[in-house]
Amino acid sequence: MNCIGTTAKNLRKTIGWTQSETAKALGVSNVHLCNIEKNKNQPSQDLLDRYRQLWGIDLYIYHWCESGQINKLPVSVQEAAAELSKAWQERIEYLVEHQRRDSDLTCLTSDS
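Heads up: the sequence shown is residues 283 to 394, going by the numbering used here.
Please note that the accuracy of each hint is not assured.
[Said to hold, decoys possible] Straight-line Cα separation of at most 35 angstroms, DSBU-like style, residue types lysine-lysine; simulated pairs:
hint : residue 1 : residue 2
1    : 320       : 306
2    : 368       : 306
3    : 320       : 354
4    : 322       : 368
5    : 295       : 320
6    : 320       : 291
7    : 306       : 295
8    : 354       : 291
9    : 291       : 306
10   : 354       : 295
11   : 320       : 368
12   : 291       : 368
13   : 322       : 295
14   : 354       : 322
15   : 322       : 306
16   : 295       : 368
17   : 354       : 368
18   : 322       : 291
Source of the hints: derived by calculation from the structure; they are not laboratory data.
Taking the hints into account, I'd like the entire structure generated from these sequences.
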């Protein structure tokens with residue numbers, strides 16, 4: 283079973299951030315973030331809000347989009363659920379591209 287911590291870890295890695303960078307940006311210790319990502323602790327509502335502020339992503343909705351079974355939903359909501367899942371994937375792709383551009387700019391300015 284995929285848990286919210288695993289989703290947080292996969293999201294962080296997909297975006298290309300280290301655990302240390304993410305912990306610092308979220309205002310938590312590396313140990314605390316590690317425990318969340320290993321599903322030893324659940325993120326508090328405050329921490330979930332900080333994820334949303336940092337990346338514009340609700341971890342629980344993203345988790346469902348990644349691991350939910352759309353075909354098990356009532357037929358009347360399957361299309362909407364599929365569209366929601368697609369929109370979240372597009373958001374992740376945007377964040378990954380944005381992260382790459384920021385990294386490229388950092389390399390260009392540090393080479394000067």
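Here is how each hint holds up against the structure:
1. 320 / 306: Holds. Residue 320 to residue 306 sits at ~18 angstroms (cutoff 35 angstroms).
2. 368 / 306: holds (29 angstroms)
3. 320 / 354: At roughly 28 angstroms apart (the allowed maximum being 35 angstroms), residue 354 and residue 320 satisfy the hint.
4. 322 / 368: holds (29 angstroms)
5. 295 / 320: The given pair, whose Cα atoms are some 14 angstroms apart, holds under the 35 angstroms limit.
6. 320 / 291: Roughly 8 angstroms separates the two Cα atoms, so the pair holds.
7. 306 / 295: Since the Cα atoms of residue 306 and residue 295 sit roughly 15 angstroms apart, the hinted pair holds (cutoff 35 angstroms).
8. 354 / 291: The hint holds at about 26 angstroms.
9. 291 / 306: holds (15 angstroms)
10. 354 / 295: Holds. Residue 354 to residue 295 sits at ~29 angstroms (cutoff 35 angstroms).
11. 320 / 368: holds (26 angstroms)
12. 291 / 368: holds (20 angstroms)
13. 322 / 295: holds (19 angstroms)
14. 354 / 322: holds (29 angstroms)
15. 322 / 306: holds (20 angstroms)
16. 295 / 368: It holds: about 19 angstroms lies between the C-alpha atoms, which stays within 35 angstroms.
17. 354 / 368: holds (17 angstroms)
18. 322 / 291: Judged against 35 angstroms, a Cα distance of about 13 angstroms means the pair holds.
Hint compliance for this structure: no hint is broken.
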